[in-house]
Amino acid sequence: MTTAEFGSHNWGMVVDVDKCIGCNACVIACQAENNIPLNSQDRVERARSISWIRVERYWEGDFPDAKARFIPIMCQHCENAPCEPVCPVYATYHNSEGMNVQVYNRCVGTRYCANGCPYIVRFFNYWEPVWPESLRNHLNPDVTIRSRGIMEKCSFCVHRIRRESRSARSAGVEIADGAVQTACSSACPTSALNFGNFNDPNSKVSKMKEDKRHYTLLDQFGTDPNVIYLAKIDADKKVGSGAAASHD
Amino acid sequence: MQQRRELDQVYTNRKLLNGQLDTPKWWLPTVSILGVVVLIGVVVIATMINKGLGVTGLARPVYWGLFITTFVFWVGISHAGIMISAILRLTQAEWRRPVTRAAELLTVFSLLTALVFPLIHAGRPWRIAYWIMPYDVARGIYPNIRSPLIMDPVAISTYLTGSTLFLYIALLPDLGNLRDRTTGWKNAMYTVLALGWRGNPRQWKMQTVGGILLSALMLPIFVSVHSIVSWDFAIAAAVEGWHSTIFAPYFVIGAVHSGVSAVVTMMALMRWLWKWDDFIRPEHFDALARLLIVVATGWLAFTFLELTFALYGQDAPEIALREMQMFQWPWNALFITFFLTAYLIPVPMWLFKRVRTNIALMFWTSILVNVGMWLERFLIIVPGLARRTPFVYTWEAYRPSPVEWTIFIWSFAWVTFLMLLFSRFFPLVPLFEAKESQVFTDDVMIGRAKVPAIVREAD
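Note that the protein sequences, when read in sequence, are chains F and E.
Once you know that position 244 of the first sequence is 244 in my numbering, the rest is easy, because the numbers rise by one and skip nothing.
Once you know that position 94 of the second sequence is 94 in my numbering, the rest is easy, because the numbers rise by one and skip nothing.
If you're looking for bench data, these hints aren't it; they were derived computationally from the structure.
Treat the numbers as computed from the prediction; the structure is a model and nothing was measured.
We put the CB at the ideal spot given by N, CA and C, even for glycine.
Some hints could be false.
Some chain F residues judged to face chain E by a derived CB distance under 8 Å, without partners named [to be verified]: (1) Arg57; (2) Ile73; (3) Cys87; (4) Pro88; (5) Ala114; (6) Asn115; (7) Pro118; (8) Ile120; (9) Glu128.
Derived contacts from chain F toward chain E, CB cut-off under 10 Å, selection only [to be verified]: (10) Ser51; (11) Glu84; (12) Thr110; (13) Thr223.
Start from the sequences and build out the full structure, keeping to the hints where you can.
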């Protein structure tokens, strides 16, 4: 990843898997922040639930020494994203701030991007989204409600980034490190999820990703993600395990 | 090796125009039934567009299912036309003559049907205008030409335009013929369509040159169309079953296999329905079956190569995918059926001349091939997506919904419906081709000796 390619910002996330306790607070926060329709039982059973961030369970080691692990997975905002070149209408593209963005108005719903994504973090709206009457007034006015027939995915809470950059610009200052937090990172009780600017060498995330535990998910595909994981520390082993997320 | 009765031109005219000049009894009931099926299909498609794609069985991670399979299937069938009429024309294969038009028609109608699938399977079909066209040039928002989904409409519309022109040019002499034999509104219609065809030498020359030029121009399309369709899959680096460099030639040869088989099916039907035993003869089936043996075996080689390439890397996810595709229920049943129907049953049968000249057997074996070729596409597309990725969240199976099956059946009814409608107004066997081949094999008496009237190098 070349940092010079971008302007002053290259947004990214560092996920410390060792700190993650699998509480799913990030999932709920994301659901509420981004106006994601309720994942009813029916939708989950039919594998049509939408969850921009999810906590995956995986096994490490072989029985009987197997250990259940979990890892939060969201859109990896790849620098070399397989979803981008296949979209016929440029509904998904890479912006100058290192984010893979989805333009809902342009999307025609070919679902080609979802087929290309190795992390399977892109979601299709099979139906028009509906909320119970009681939840209508809880919708976030900053986030577009996606109609049926289009793709959606984690946006790195782009509306929060825009809000901060607007107020920073009007105040004539740079966005302070940590001023922008995504819904998931602000909800994380153990600071496993850390959001920030990789272009600022002094930012928290830039320092965190220098940790020798760092790896990226499915790096055999060469997608160069902007989400960096820090491996789980296994107290029973001398060397940190899971260097390449060797889950089965 | 032409073995047949000598036919005079009046008989040829009357027999080959029997669909237009006097309607067969079965025509109206068949077309009505097909029309009802087509109508049901249209209603189901409209409902799906109205309600949303939730009515399909698609679910994460299988975002493409029956619709894309059927799209690839029909594009494959469309390769019949170009194979029969362009390649065999340029190589002067004499036996192509009675089937050229049927093959071209199959191309045009199957392409029209294939085009429907990517459009209705889009989440917002009413927005596809700017998928295919630059909708706002002023803001520089063009379609993404890196996407095979943009190359697809370009290739297919080129193919469709070329095939339609080809079909029309070959139809001109027959339209003139029909114009001279009809009255009333039909006469008016044929007069307009025949574009003043009088059959003078200059017109014949232009018609022949036009046909040959179009054949040559369409040769690149022969390679491009299905290559591009295969790239829809092959460029997906993260889908193990799709990401293969061999896909383009593999899909093209598979398309020829299924397309030529579809022509055989159609020829048998034409022979039975319109009683054209004098024109579509066992020798034609024999020649097509010989061609099919070669094509099918070439295709089999590519199938093995694809598997070899996949397994050679010994990449664990790839091996897991192949294991699922071939050995796990329900894919294993489909895989066995695919292999039996696409190759193992029909091709060894075609090795016998008695089978190749038996129309009923050729009919059923050619249908088997297309069952197998449809399954082949299904087995590439769906298990490819339904593979078990490292993420358990996405482990899910796909079961096509009744809506998808209805639209699948609709596509077959629709192609047959269009064919029969066409047959009511235009001859399915080109009269001039039939007569030309007759002339080429005519004998003349010189003294007491009977010698061929025309000697050509090609035969």
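Consistency of the hints with the structure:
1. Arg57: Check passed: Cβ of Arg57/F comes within 6 Å of chain E, closer than 8 Å.
2. Ile73: Holds, because the Cβ-Cβ distance from Ile73/F to chain E comes to roughly 7 Å (cut-off 8 Å).
3. Cys87: 6 Å, holds
4. Pro88: Since chain E brings a Cβ to about 4 Å from Pro88/F, closer than 8 Å, the hint holds.
5. Ala114: Check passed: Cβ of Ala114/F comes within 5 Å of chain E, closer than 8 Å.
6. Asn115: Where the cut-off is 8 Å and the nearest Cβ of chain E is about 5 Å from Asn115/F, the hint holds.
7. Pro118: This interface hint holds because 3 Å falls under the 8 Å limit.
8. Ile120: 4 Å, holds
9. Glu128: Holds, about 7 Å.
10. Ser51: Because about 8 Å separates Ser51/F from the closest Cβ in chain E, which is inside the 10 Å limit, the hint holds.
11. Glu84: 9 Å, holds
12. Thr110: 5 Å, holds
13. Thr223: 8 Å, holds
Consistency note: the structure conflicts with none of the earlier hints.
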